[in-house]
Amino acid sequence: MSRHMLNALLISGLIVTGAFGLAYLAAHGVIADDQREISTRSFNFTAALILVWWSNLAPKRLRPLVEMSGDPAKEQSVRRLAGRAIVIGGVLSALAWVIAPFKLALPIEASAIGGALIIVFLRPFFSRTWHRLS
Amino acid sequence: MNEIFKALSDPTRRKVLELLRRRPMTAGEIAGHFVFSKPTMSAHFAVLRGADLVGQEKVGREVIYRLKMSVLEEALLSFAQAVGFEFLPRARRSAYKGKAKKEETSP
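Protein sequence lines correspond, in order, to chains H and R.
In terms of the working numbering, the first sequence opens at residue 9 and continues consecutively.
In terms of the working numbering, the second sequence opens at residue 1156 and continues consecutively.
A couple of the hints might just be wrong.
[Said to hold, decoys possible] Computed footprint of chain H on chain R, listed as stretches where at least three residues anywhere in the stretch have a Cβ under 8 Å from a Cβ of chain H:
(1) 1177–1187
(2) 1213–1224
[As the list claims (entries may be wrong)] Over 12 Å on every C-beta distance to chain H, these chain R residues come out as not near it, computed from the model:
(3) SER1164
(4) PHE1191
(5) LYS1193
(6) GLN1236
Rather than coming from a laboratory, the hints here were simulated on the basis of the structure.
Just so you know, even glycine gets a beta-carbon here, dropped at the ideal spot from N, CA and C.
With the hints as extra help, turn the sequences into a complete structure.
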C-alpha cells in the first residue's frame, strides 16, 4: 500500500472516529447541550482544514507516466481543477463552521463541497462546451 | 518555502511553469521556447526541481517534465505573474536583464 493511500485512510479514519466519538460523548451526557455546539463547530472546522490541506497537495501527487493509460495532460488538468475546487469548498466550509449560524453551517458545508465535486465531475461537459464556443 | 520564492522570482522559470501548465513536455520542447543555452536551461530546471515545483521522469530516451505544484503554489505563481518583476530587489532585476541580453547576443 502506498504512503499516500495510507495517509488518506488514516485521515479519513480520524475524521470518522472523531464524529462517532462526539456523538457517543453527547449521547452519554459527557458533552453538555451547551457545549455541543462548540465541540461540533471545532471538530468540523478541523475536518475542513484537513480537507483543504489534503486537496491543496493533490496536484503534487504524480502517478508515474508509464502507469497511465490515458492522456497525461488531461489527468494533470483534472487533478489541478479538483485540487482548486475542493480547496475553495474546504475554505468556505471552514469559514461556515466559524462564522455562520449553527443551523446553517452544515447546509453551507454540503453546498460548498458538493458544488466542488459537481464541478469536478461535470468538467468533461464544460470542457466540450467551451471548445464548441471558442 | 524560500526555495519556492526563489524559483518563482525568475521570469524564465515562471514561463517554464506556464508551459508545463498546458501539458507535460520534454526538456527539448521547453528549451525550444527560449533563446538560452542548454546549461542555462538546465540550471533553471535544477532550481525548479529543487523547489519541488516540477517532476521529471525518463520515458525511453526522453526526459519528460511535469508540473508538480500545489494549489497554493499555483496561486503564488499567478500572483508572481501578475506582479512581475516588481517584488524583486532592483539589483537582482538589472542583473537578470543583463544576463538575458548577453545570452541572446551570444551565438
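Checked hints:
1. 1177–1187: Per the Cβ count (3), the hint holds.
2. 1213–1224: The restraint on the segment 1213–1224 of chain R holds, since 6 of its residues have a Cβ under 8 Å from chain H and three suffice.
3. SER1164: Nearest chain H Cβ is 20 Å from SER1164 (chain R), so the label holds.
4. PHE1191: 25 Å, holds
5. LYS1193: 23 Å, holds
6. GLN1236: Per Cβ check, GLN1236 (chain R) is outside 12 Å of chain H; nearest 16 Å; holds.
In summary, the structure agrees with every hint in the numbered list given earlier.
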